[in-house]
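Enquirer: Put chain B on the given structure of chain A with help from the hints.
So the protein lines, in turn, are chains A and B.
Sequential numbering of the first sequence, starting at 1, is according to the numbering used here.
Sequential numbering of the second sequence, starting at 1, is according to the numbering used here.
Worth flagging that the hints you see were computed from the coordinates, not collected in a lab.
You can't tell identical chains apart in this list, so a pair holds if it fits in one copy or across any two.
Under the rule of at most 30 Å between Cα atoms (straight-line distance), these lysine-lysine pairs were calculated in the DSBU-like manner: (1) Lys83 x Lys51; (2) Lys143 x Lys83; (3) Lys51 x Lys143.
Number of protein chains: 2
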Amino acid sequence: MVKRTRFDEESCPVARSVDAVGDWWSLLIVRDAFDGSRRFGEFQRGLGVAKNILSTRLRALVDAGILEQVPVGARHEYVLTPKGEALFPVIVALRQWGEAYAFDPGESRSELLDRRDQQPLRPLEIRAADGRLVTAADTEVRKPA
Amino acid sequence: MVKRTRFDEESCPVARSVDAVGDWWSLLIVRDAFDGSRRFGEFQRGLGVAKNILSTRLRALVDAGILEQVPVGARHEYVLTPKGEALFPVIVALRQWGEAYAFDPGESRSELLDRRDQQPLRPLEIRAADGRLVTAADTEVRKPA
Numbered sequence: 001m002v003k004r005t006r007f008d009e010e011s012c013p014v015a016r017s018v019d020a021v022g023d024w025w026s027l028l029i030v031r032d033a034f035d036g037s038r039r040f041g042e043f044q045r046g047l048g049v050a051k052n053i054l055s056t057r058l059r060a061l062v063d064a065g066i067l068e069q070v071p072v073g074a075r076h077e078y079v080l081t082p083k084g085e086a087l088f089p090v091i092v093a094l095r096q097w098g099e100a101y102a103f104d105p106g107e108s109r110s111e112l113l114d115r116r117d118q119q120p121l122r123p124l125e126i127r128a129a130d131g132r133l134v135t136a137a138d139t140e141v142r143k144p145a
Numbered sequence: 001m002v003k004r005t006r007f008d009e010e011s012c013p014v015a016r017s018v019d020a021v022g023d024w025w026s027l028l029i030v031r032d033a034f035d036g037s038r039r040f041g042e043f044q045r046g047l048g049v050a051k052n053i054l055s056t057r058l059r060a061l062v063d064a065g066i067l068e069q070v071p072v073g074a075r076h077e078y079v080l081t082p083k084g085e086a087l088f089p090v091i092v093a094l095r096q097w098g099e100a101y102a103f104d105p106g107e108s109r110s111e112l113l114d115r116r117d118q119q120p121l122r123p124l125e126i127r128a129a130d131g132r133l134v135t136a137a138d139t140e141v142r143k144p145a
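The shape of chain A in the complex, shown without the other chains:
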């Protein structure tokens, strides 16, 4: 297994999230769970990942409360918990950035669509408490005292 640095002592919520999710594989497992994968074999086919890597990551995601195991007949399936479902904006943000910057013009890519009208979602907007749009330059980080 790849050794991973732990960030969970940090007071920064970004670092804590990074620590809780695990690694990139884990994030792609979460992506596939959003896309409908539930069974071990489905995740394996979707990701093309070795069984031992997948097995370790699934267990870690269950331990982190992001996935839960649900018995279905003689086997079990993996389902996102509310904590896991709450990662949707992270997946959408990564997807929209990738759409904008990681493909050549005309290169084919998967699309995330609204089921109702088959249109892509709106780009994410960062808004202040009063509703106005803000950029990174309009914000600052306050460290704990």
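Expert: Relative to chain A, chain B alone:
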């Protein structure tokens, strides 16, 4: 260096983003760049990371077009490019998830505030093209033909 699987052949923009950003260290470097770090030593102090790890990650982020090196006197500084600035929603999404799920009640944490009124930002909202709020269940992924 930690061996990393490459996802850049995938047609999924989430996987491409994951590949372009690099690893978690790289994402935390981007976070620190948003928070004002520009010099090698600033990143090093902020992250408490070994010089060789930081050096490799900074070079990869420059190669990926996320950071650029700007000469300042006899040295240089690292500044986010527009492509790097566009990662702000990813950082905000991770931060908001961490705030909600990765801290005990009352535990101290850093905060991302609007400079104008020192209030936290609004939670990210996922909206369809027509403006209505959607959850993951309202969406579907269409793979390329």
